[in-house]
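Student: Chains as they are written, first to last, in this note's numbering: chain A, 1 to 512; chain B, 1 to 158.
Treat the hints with care, as some may be off.
[Claimed, not checked] Simulated crosslink set (BS3-like; lysine-lysine; CA at most 25 Å straight-line):
| no. | chain 1 | residue 1 | chain 2 | residue 2 |
| --- | --- | --- | --- | --- |
| 1 | B | K72 | A | K439 |
| 2 | B | K38 | A | K228 |
| 3 | A | K4 | A | K34 |
| 4 | B | K71 | A | K228 |
[Stated by the list, open to error] Derived coverage of chain A by chain B (criterion: at least 3 residues anywhere in the stretch with Cβ under 8 Å from a Cβ of chain B; other residues may be distant):
| no. | region |
| --- | --- |
| 5 | 10-19 |
| 6 | 37-47 |
| 7 | 65-73 |
| 8 | 82-90 |
| 9 | 397-405 |
| 10 | 415-421 |
Please keep in mind that the hints were generated in silico from the structure rather than gathered at the bench.
By construction, the Cβ of each residue, glycine as well, lies at the ideal position given by its N, Cα and C atoms.
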Amino acid sequence: MTVKVYVPCDAAALSMGADAVAKAIAVKGGDDVKVIRNGSRGMLWLEPMVEVETKRGRVAYGPVFVSDIDGLIDAGMLSGADHELGHGLTEDMPYLANQERLTFARVGIIDPLSLSDYEANGGLEGLKRSLKMTASEIVDEVFESGLRGRGGAGFPAGIKWRTALAQPEGQKYLCANADEGDSGTFADRMLMEGDPFCLIEGMIIGSLGIGADTGYIYIRSEYPHAIKTMRKAIEIWEGAGLSGHNEDGSPRFKLHVRIGAGAYICGEESSMLESLEGKRGEVKVKPPIPAISGLFGKPTIVNNVLTLGTVPIIMAKGPRAYADYGQGRSKGTQPYQLAGDIARGGLVEKAFGVTLGQLVNDFGGGTRSGRPIKAIQTGGPLGGYVTPDAFDVAMSYEGMAEAGSMIGHGGLVVYNDTTKMMDMARYAMEFCEIESCGKCTPCRIGAVRGKETLDKIAAGEEVEKNLEVLEDLCDLMESASLCAMGGLTPLPVKTAIQHFPEEFMGRKEAAE
Amino acid sequence: MATLLNTIEDRTARDICTQHSDAPAELLEILHEVQEVKGFLSDGALRTIADALNISRAEIHGVVTFYHDFKKKKGAKQTLKICRAEACQAVGANELIEKAESHFKTTLGGESITTALEATYCLGNCALGPAVMVNNELYGRVDLDRLVEISNAHKGDS
Ligand SMILES: Cc1cc2nc3c(=O)[nH]c(=O)nc-3n(C[C@H](O)[C@H](O)[C@H](O)COP(=O)(O)O)c2cc1C
Ligand code: SF4
Ligand code: FES
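Can you make the complete structure from the sequences, with help from the hints?
Tutor: Next up, the structure:
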């Protein structure tokens, strides 16, 4: 009997040599094994993580490198034997067992490009239910689920969809934002590589809800693997006739993949739409909002990959079931991404309400370096720094705002005690300088001035005066920038100063 | 002066535009594809694209300069993209960059005859940093030794 062995094709696993491992297992195992390429389970510190199917369930080994294969197979890996690289049944591993996986329910379990795997694991249920509903019933259910935008701003998805639905019938667009530019985030990538049909299903349901016939997935060029998987998945999906057909046999909902070109600002929705039109990705003044006048002047919905990828399960299980997770106005689950100096980095999907400390310590296991944690940046490059004092904060849109930062796209970057916060503050300004679209002065010029001012402070030049200059500059950027690039760059700068004033003022003044 | 040189068409660019129905909205795709084939975007290619899509040279120039991916000059044989975003900084990206600069005898953003070092801002491998990408292949937990190995392994790439 052939044994099924799973070796992820997720880019993170590939980055540690998963392709060579898959090949070595196929060669050594011969006819006894069938190697299946799955997505990643999200326990990234164990990648390449190999799973062997046994009667008891799948047994995990990791990290497995090519040099381990002979030993592992000789020790009985193919029958799930114990080994120092073994972790027992995958499902029982605490990191996974303690999660609440809804959006990521299938990721790592299925072959990402197998429609039969997809359907056997709950795929298409949401679409089938939606096809029996009217557009406004679909939009109402998304609204009732409490689903909020996972791209950063947390705007209720149902309200946005309602606006687009209310526009007169005619050309409308639905766009998936897969620009995922925030450092410390990789959930969009993992979903696209591990369960691409889920995003497609979510977009088709969305198209039924708002009345769109064309969709775009805007993927950043830094994600070649996701681009390849998404393109292939669309081909398979359309080949199976799952997009519905027009009378001439063309797909009812036509989906295109478009590729970014290395501009962080193109994750901002109006910039992304400009880019989709083949233009410079300059941010546009709102109103009009895209739901009324977006791509080519037509009503357009832009949603993050995770927002759209959560729609199928909401439609499959019903909005109440989803809203039962979470707390307050933060309903459902959030895929968190543990990154930076962390022992067990990876993807953790939990209902809102899990504490920061649970994520960083219980799941993450503290730092990988073994050094004490100094700070955690949440919400990407435009998010604030918090310290271990905030470990009790429950993760929710409101809770994180109170703690002086934000959830953003769910990334958590952990820094150890060797980190120089002055350097991080300077980097925030530098990043803004590099990535500013240039449309408004407070951001374009402010970032440069901010960087220079921090250089002066670092050199000990009129520190007090320059800190005041910096503060004024931050205030100006916050109040007068057109978008959150300039508007939120001050957040990491200000929170770095707030938590570690001595590093900016010199030890003596801070102690006074 | 309209010399022969700057009126001559770039065949590759023209063909790629045709494949995209000369649609201005597909400019980024077209630029990506031309750069993929040619390694960079020559003046001739840009002129041909502007002509095919019926947009001004100024407009196309504006687009090319806006996006970090597009290159107007032929680059080094090999480009090592090193992530210098926050999560990779937290695990020593800056140290890796310094060592790479001295090993490959160039600076980040610069190039030697053989190797260019390019800064990139997150490759989606933030739990396994420092991350590096070469010819669209991703690497995690990269230190200098591994970077040199990776560079060597890609020497044969076309
Ligand atoms: C500078 C900047 C960068 C952004 N980058 C992204 C991104 O990479 N991905 C994303 O989904 N949203 C990003 N956003 C948020 C989008 O503008 C928009 O709110 C989001 O795509 C809407 O989808 P959602 O409601 O599903 O979150 C960014 C916003 C700003 C200001
Ligand atoms: S804040 Fe910065 S990125 Fe945003 S519109 Fe202004 S210049 Fe562009
Ligand atoms: S920060 Fe380097 S890969 Fe994300």
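Student: The structure should be examined with respect to each hint, and the outcome stated for every one.
Tutor: Evaluated hints:
| no. | hint | result |
| --- | --- | --- |
| 1 | B:K72 <-> A:K439 | 23 Å, holds |
| 2 | B:K38 <-> A:K228 | 21 Å, holds |
| 3 | A:K4 <-> A:K34 | 5 Å, holds |
| 4 | B:K71 <-> A:K228 | 23 Å, holds |
| 5 | 10-19 | holds (count 5) |
| 6 | 37-47 | holds (count 3) |
| 7 | 65-73 | violated (count 0) |
| 8 | 82-90 | violated (count 0) |
| 9 | 397-405 | violated (count 0) |
| 10 | 415-421 | holds (count 3) |
Checked against the numbered hints listed earlier, the structure breaks hints 7, 8 and 9; every other hint is satisfied.
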